[in-house]
Amino acid sequence: MTQTGSGLLQPAPADQFGPVIPGPPIVRRPLALKVPVAFAGLTLLAVVAFVFGSDAGLTTRFSLASETDFFQLPDFAVPTRPAATVLAIIMAGLTLLAFQSAAQRHKLGLWLPSVFGLAWILSFMVWVIAGKTSTWTIPALLAASLSLSIPLVFGAMTGLVCERVGVINVAIEGELLAGAFLGAVAASAAGSAYVGLIAAPLAGMLVGALLAVFAVRYWVDHIIVGVVLNVLVTGLTSYLFSTVLKSNAGLNRATQLPKLPIPILGDIPVIGPVLFRQSLLVYLMYALVVGLQVMLFRSRWGLRMRACGEHPEAADTVGIQVNRTRIRNTILGGAIAGLGGAFFTIEMGLAFNKEMSAGKGFIALAAMILGRWNPKGAVAAALLFGFAGELAQMMGTMNTPIPSNILLMIPYLLTILAVAGLVGRVRAPAAEGTFYRS
Amino acid sequence: MTSSNPLTPKDEPPEGSANRSSASPASGAAPAEPPPGSGPVEPPPGSAPAEPPPGSAPAEPASGLASQPPLPGRFTIALKEILSGSWLLSILSILLALLIGAILIAASNVEVQKAAGYFFARPSDLFAAIWDVVSRSYAALFQGAVFNFGADTPVRAILPITQTLTASTPLIFAGLGLAVGFRAGLFNIGAQGQIILGSIFAAWAGFALHLPPGLHLLLALFGAVLGGALWGFIPGILKAKTGANEVIVTIMLNWVAVYGLGYLLTLDAFQRPGYNNPQTPAIDPNAQLPLILGPNYKTHLGFVLALVAAGGVWWLMEKSTLGLKFRAIGMNPDAARTAGINTDRCYVWVMMIAGGLAGLAGSAQIQGTERVLTSGIAGSFGFDAITVALLGRSRPLGTVLAGLLFGGLRAGSYAMQSVTNSVDVVLVLQSVIVLFIAAPPLVRAIFRTPDPEAVRRLKVTARAARQAQLKEVGR
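If you read the protein sequences in the order shown, they are chains W and C.
The numbering used here numbers the first residue of the first sequence as 210 and each following residue consecutively.
The numbering used here numbers the first residue of the second sequence as 7 and each following residue consecutively.
The set of hints was computed from the structure by calculation and includes no laboratory data.
Please note that a few of the clues may not be correct.
Stated by the list, open to error - What follows is a set of in silico ranges between Cβ atoms, one per label pair, in the way DEER data are often shown:
#	chain 1	residue 1	chain 2	residue 2	range
1	C	Trp137	W	Ala458	21 to 31 Å
2	W	Ala258	C	Trp321	44 to 54 Å
3	C	Ser424	W	Lys341	30 to 40 Å
4	W	Gly459	C	Ala113	47 to 57 Å
5	C	Ile298	W	Thr643	41 to 51 Å
Claimed, not checked - No more than 20 Å apart at the CA atoms, straight line, and that leaves these computed lysine to any residue pairs for SDA-like:
#	chain 1	residue 1	chain 2	residue 2
6	W	Lys243	W	Lys341
7	W	Lys455	C	Val116
8	W	Lys563	C	Gly382
9	W	Lys341	W	Pro288
10	W	Lys563	C	Ser381
11	C	Lys304	C	Val161
12	C	Lys120	C	Val425
13	W	Lys455	C	Leu313
14	C	Lys247	W	Arg636
15	W	Lys468	W	Ala496
16	W	Lys563	C	Gln423
17	C	Lys120	W	Ser456
18	C	Lys247	W	Lys455
19	C	Lys120	W	Arg636
20	W	Lys243	C	Gly382
Note that the coordinates shown come from a computational prediction; the quantities given were computed from them, not determined experimentally.
All residues carry an ideal CB built from backbone N, CA and C; glycine is no exception.
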C-alpha cells in the first residue's frame, strides 16, 4: 500500500551556483491509479463491444415521449456505430482527464465519474437497443427504474439508521416482507390503500423491535438475529397467506395507492412524469432521504446516533443512553423498511404473495454499503441497482446480446468489489455489531 | 475495516453468561419481561460481580431441600447444574417453539375461529377445537417425520423416517461447514451459494462425463467439493487480503450464484433435450449415490457420508493442529496471530472447508435425490443450515442431531399440510427455536432455571466452605 519510493522525491538537483542544500523531502501522495485504470478498461470495453460489436448501418431509436406529456417530444434516432464512437471518444477524453488529475494528485471530483458513467451507460444502451423497435420509451424506462428502486431506497435507509447506531440489520428483507404483508391486509380490510400505508410501518416496527430486543437487550449476535428473523417473517407471512388469507379472500385484495401528480412539476418533459406523477409513498421517500441526509449530520439526534455507532463508551460518558438509543433507532429503522415494504403490495397494486420481497432487502443492504453508510450515496446506489434491474427486465423481453441474469448480478458484484476495497473504500461504523453494557 | 467484531459462535459462554452473569443470580427475576424496551440492563453494574450471593440463589428453585445450612448440598448443586445445562436449554427452546407453533396453528384455524365466536356461550367448544387441530397437526408432523402408524404395510410405516434421513442429509453437510466457520469466528452466510456451486459442478460431472461406476461417483463428489470450495475461497481470500467482511461477501455471492445458475440453465449445453422448463440432462446412473435402504426408500449413501463427514469435522476441530488453529482464531484472532498462527491462511482454509462441505450438500441434492439441476436445486437448505449449525452449537454431534430434527420437520411438514394447509409453520418453528437457543437468558427467565455461571460460582463457594468445615473438624 505504502509506496514510499514514488511518494518521496528529493528536491530538484542542485544548480551549479551553490552548495547543495538537502532540504526536507517533499512528501507526495502515492499515485491513485485505480479509477483511471478502471476508466481505461471500461473505455476499451466500450470500444471493442459497443463500437465494433455493433453492425454498421443500424440505427438506434430513442423514444422520449410519454403519452400524457404537455410537450410532445419527437423520437430521435441515431446511427448506432457513429453514436457509439462519439461516446467512446468522450470516454477516452474523460479517461485522460482522470489520468491527468491522478498525476497531479488531485482528488477526483464527483462530476468526472458521473459523466463517465452516464456516457458508458448511454453507449451501452445505444448498442443494446440498436435496430430494435420496442415499446420502451426513455421515460418509461426511467419511471420503472425509479419504481424498482423504491424498496431499495427504503431498505437502504433502514440499514443506514440501524448501522449508524451500531446494530447490524440483516433483517431488512424480513421487515420489507412484513410491511408488504400487513400493508396489503390492512388496505384490503379497510378498503383504502392509505390505511395500508399506515399499517405497513407498524409491521416493520414489530420486526425491528424483535431485532432490537434480541440484539441489544439479550446480546444475541446481530447477524444471527437478522438471519433468523428473515426466516421467521417468511414462515409467518407464508403460513398466514396460505391459511388465513386463502380462506378470507377479502383480506388480500389488490389495492393501489393513487398517483398524485404535482401540477407544474409534473409537466416537465421526461423527468416530470418520472419524478412528480407518483404516489404518496414516493413523495414520502423523497422527504425521508432529504430528511435523513440533513438530520443524520446536522441534528442532535443524528449526532447521538452516530456516537452510539462509533464509540458507545464515549457516548455513554457524555450521558447518552446507548442501549436506549440503539433500541429506539432500530425500531425506527424497522418502520422505514416496513413502509418500503408497502411498495410490493399497495404501490404496485398487487395482492400479497409468498416471499414477494424476493431478496430486495439484501440488495438494499448492498446499496447502503456501496453508498458508504450515507443517504446520498445509498440513494445513488439504489437508483443504479433499480436501473440495472429494469434494464435486465427490458432485455429479457427484447432478446438482446447480454443475458439478463448476468446483468442482475451487477449489484452484488459491485458490492463485493466495494467491500474488498477495489471500488472506493468503505468503512462501517466502528462499533457496529457490538454489545454495550452501560 | 476491522472485522474482529464478536461474531462469536454459540459454543462458548460469552453471550450466554458474560451477558447477564451478574444480573441473574437474582435468578431470572430481573429479566422476566422481554420487551421492557427502553429500560435495558441497569441492575447488573455495581454489586453483583463482587460477591456471588450464595444465600439468595439456593432459596430460589423451590426444591425445598437444603435451606437450613447456608450452603446447598451436593444434590442441589447437581440438580442445578442439570437445570442450567445447555441440553436442557435446547429442549426447553424446542418446547417453547412448539407452543408458539400451536398458538399459530390454532389461531389460524377456521374451526377454532368459529368456536371463538361463541366463546361465552360454550367455552369448552373452543378448547376442544384448539386441542383437536393442534394435536392433529403435531400428530401428522410426527407421523410424517418418524413413523406412520396408519400405514398398511411395514414398508410404508417406516417410510417417514427414511424421508427424514434424506431431507436431513444436505442440512447436516451444510450445517457442518457452517459450524467449522462459526468456531473459527467466521460468519459464513454463503452456504446457499456454495450448495448451488457444488450442485452445478456435480451435475456437470454427472451428465457431461461418462465414466465407469465408482470412478464417476467419486469424480462427481469431488466436483461438488471443488465447486463449494471455490465459492468459499472467494470470501476467504478477500477477507485475508483486503479485510472484506465475510458476511457481506457471502450474502452477495449467494445471489451471484443464483443468477449464475439461472444463466447456465439458459445455455443449450445445460438444457435437457425435450424439456421445456430449464433443467439439465439427468446425471448418469454411475454418478448417482446408491440407495442404501433398497429401492423403496430414497435414503442414499449421502447420509452415511454426512455422518462420516461429521466424524471428520470432529477430528479436524478437536484432534488436528489445523483445528486447534481454527479454534484459537475463533476465540481471539489477535491472540492467535500473536501466537504465530497465520490467520490469513486459516481464513482461506476455513472458508474452503466450509464451502466444500456445503458443496457436498449440493451433491446430495443432485446425486442423491434430484438427479437433474434446476434453478430451485438448493431450496432453502443454505439458510436452514445456519439454523442447524446454531442449534447444534457448532459441534459435529449437535449439528447431526439438529440436522435430523430440522430434516424431520421438513419431511413432516408435508404430512402436516393436510391439517394446516401450509408447510410454512415449520419455518416458524425453526426460527423460534433458534431465537430462543441464541438467547439463553430469555429462556431461563421464562422457565426460572438457574444461570450456569451462578451455579458454577455456587459450586466453588460450596466446595470451599466444605473444605473449611473439614479443616475445622480435623482440628
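(request) Hint by hint, work out which the structure violates, then give me just those numbers in ascending order. (result) 3, 4, 6, 13, 18, 19 and 20
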